[in-house]
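**Student:** Residues per chain are reported as follows:
Number of protein chains: 2
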Amino acid sequence: LPDLLGDDVAVLPEPPPGGRWAVTVDSQIAGVHHPADLDPALVARRLLAVNLSDLAATGADPAYAFLALSAPPAYDHRRFFRGLLAACATHGVTLAGGDLARTEPAVATLTLAGLVPADRHPLHRGAARPGDTLWVTGTLGESAAGRRLLSAGARAIPVDTDEDGAAWEVDWPPELADRLAAADPTNPEATLAAAERAVRRHLTPQPALGLGRTLADLGLRIAAMDLSDGLAADLPRLCRASGVGAEIDAGALPRPAEFAALVAVLGADDLDLVLTGGEDYALLFALPPDGAPPAGAGCSRMGDLTDTPEIQIRTSAGLRPLVEGGWDHLSSE
Amino acid sequence: LPDLLGDDVAVLPEPPPGGRWAVTVDSQIAGVHHPADLDPALVARRLLAVNLSDLAATGADPAYAFLALSAPPAYDHRRFFRGLLAACATHGVTLAGGDLARTEPAVATLTLAGLVPADRHPLHRGAARPGDTLWVTGTLGESAAGRRLLSAGARAIPVDTDEDGAAWEVDWPPELADRLAAADPTNPEATLAAAERAVRRHLTPQPALGLGRTLADLGLRIAAMDLSDGLAADLPRLCRASGVGAEIDAGALPRPAEFAALVAVLGADDLDLVLTGGEDYALLFALPPDGAPPAGAGCSRMGDLTDTPEIQIRTSAGLRPLVEGGWDHLSSE
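Here the protein sequences come in this chain order: A and B. Under the working numbering, the first residue of the first sequence is numbered 1, with each subsequent residue one higher. Under the working numbering, the first residue of the second sequence is numbered 1, with each subsequent residue one higher.
Check each hint, because a few of them may be wrong.
Stretch by stretch, here's where chain A covers chain B in the computed footprint (C-beta under 8 Å, at least three residues) [to be verified]:
1. 9–18
2. 23–35
3. 98–105
Heads up, incomplete: computed chain A residues facing chain B, CB under 7 Å, no partners named [what the hints assert, rightly or not]:
4. Asp8
5. Val9
6. Leu12
7. Glu14
8. Asp26
9. Asp54
10. Ala101
11. Glu169
Think of the hints as simulated: they come from the structure by calculation, not from any bench. Note that CB positions come from ideal geometry on N, CA and C, so glycine has one too.
Bound conformation, chain A alone (with noise of 0.2 Å):
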């Protein structure tokens, strides 16, 4: 194990002049957050990713982690720890401090101190106003179809020698993998293929930081925020904190390949994945009228924000109102 314990505080270094820190929180609790018997080396990978795209929302560069973390007395550490410090690395995080304890269910949080340059104006969810578009990166419903298919069975199987959960693959219940390959009888490789995508968008997100830092560093007067409980329950966030409302085309609203398919296979909706599914931990943004997303970021352009407080959605069926709600980490599902 790391020596966390160094010292009793991490005094961060005084950030360069008009410099501030930004700071987030996030948890990962076995059995709530993530499948129990997950290996601890992606538990930690998932850790840092969710707390890395907290701090995209913000357009800040993320610097030093402070870990909380509480498990059984069989848990394995080492590979928690491999995993962390590796995912660490990659993103040139410094783990700064912690604090170990002893619980079942194994509960880890971690704390993200990111920079947000002079320059740089960091990017909130109260900037939005009525004209503005609003975008979203990357695609929508994948990671909970990707929860839906390891709660039906489907396992993450650790495949590295370096023990640092870089490496693994889906392990697939037969009687799924034989769904999945019914799916699309032209080509049973492809639901499969969308399935093991789906579950590693979900154990493993890909927090969008580099486009959280583009955007801070346009200057323009832009709302942003990670979203984690799904569009149905964090839009109306950003909606209320700028004091606007919005419309948006569900037909808009981005899929990921295969989707029907793999919809189908799950008995799900469409559309309520989407929605409400959550975890996607992508950005969610809102530009001035004028504003463009830069090129090739993979963003798509869900619909406007409105003078009113309402939040419509367009479908086949004419304009309704947003039903509000998602995925809650404090429901009793």
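We have chain A; now place chain B onto it with these hints.
**Tutor:** Structure of chain B alone, referenced to chain A:
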């Protein structure tokens, strides 16, 4: 509940020129760090106190807190937040962010950021040199006695109307109260009063923030650390970090009033509680040979640092090696 989710990230203000942020993290787990049925308002106060004690050991001024709280469905979040916010207000701390989730048992992790102004030298463990004198604030063993009294059936009962955990009394099982009253027949109240002080010391430690600041302001070469795991566990850490040994005097270790009677009722060993009981949340520090602690700060000189790696303790039976060990939150006790 306060809106912890105002943004994904809290951007700390730029520190004053030359100032730096000091960061620490500590958890409170129900049934591990405190009785499982402890009033959530007291849990919150204890959570802040143990983190403040870490900041005290570096000489930082507490400023911002970030909470991760996972608790069962029936948990009284309202009392927890009332206690936390009241205690934060007392210490000038702003609750700046957090994350809520659901688990059994309740796990609360606080990250605390404090400011080290430019003209203050942050204290750390590695600054001690042979010939330094070794000091501690307040008394040792009292918190551990309080923990044993709680294990023996003492309970903290809130009596407050504000529901913020500020006012509470100790409820004693009749048999334990009788034994405490009988410990000193000439003064039956004395041991009971000492027992109540021990429970209070354990549940609501008083971090040595003022002393830590004063020591750091001296600008001298001062080693310091928070005594959280017991002197027999923490002193070796300070010695290793500084590359020194130590010789301490068992008789000079400060005990609280009526400690002998309390120890007798608990069937404990005086020196064992003082050395390994843990959770003292007191400041252990070493001063250069010509240094003296601030007058009136209640500091006791317990020994000296040496140029050998050994840590020895002088008792009435002579000088013997200090057995390393203490209160271990990772033990399966």
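**Student:** Of all the hints numbered above, which does this structure not satisfy? Sort the numbers upward.
**Tutor:** Violated hint: only 11; rest satisfied.
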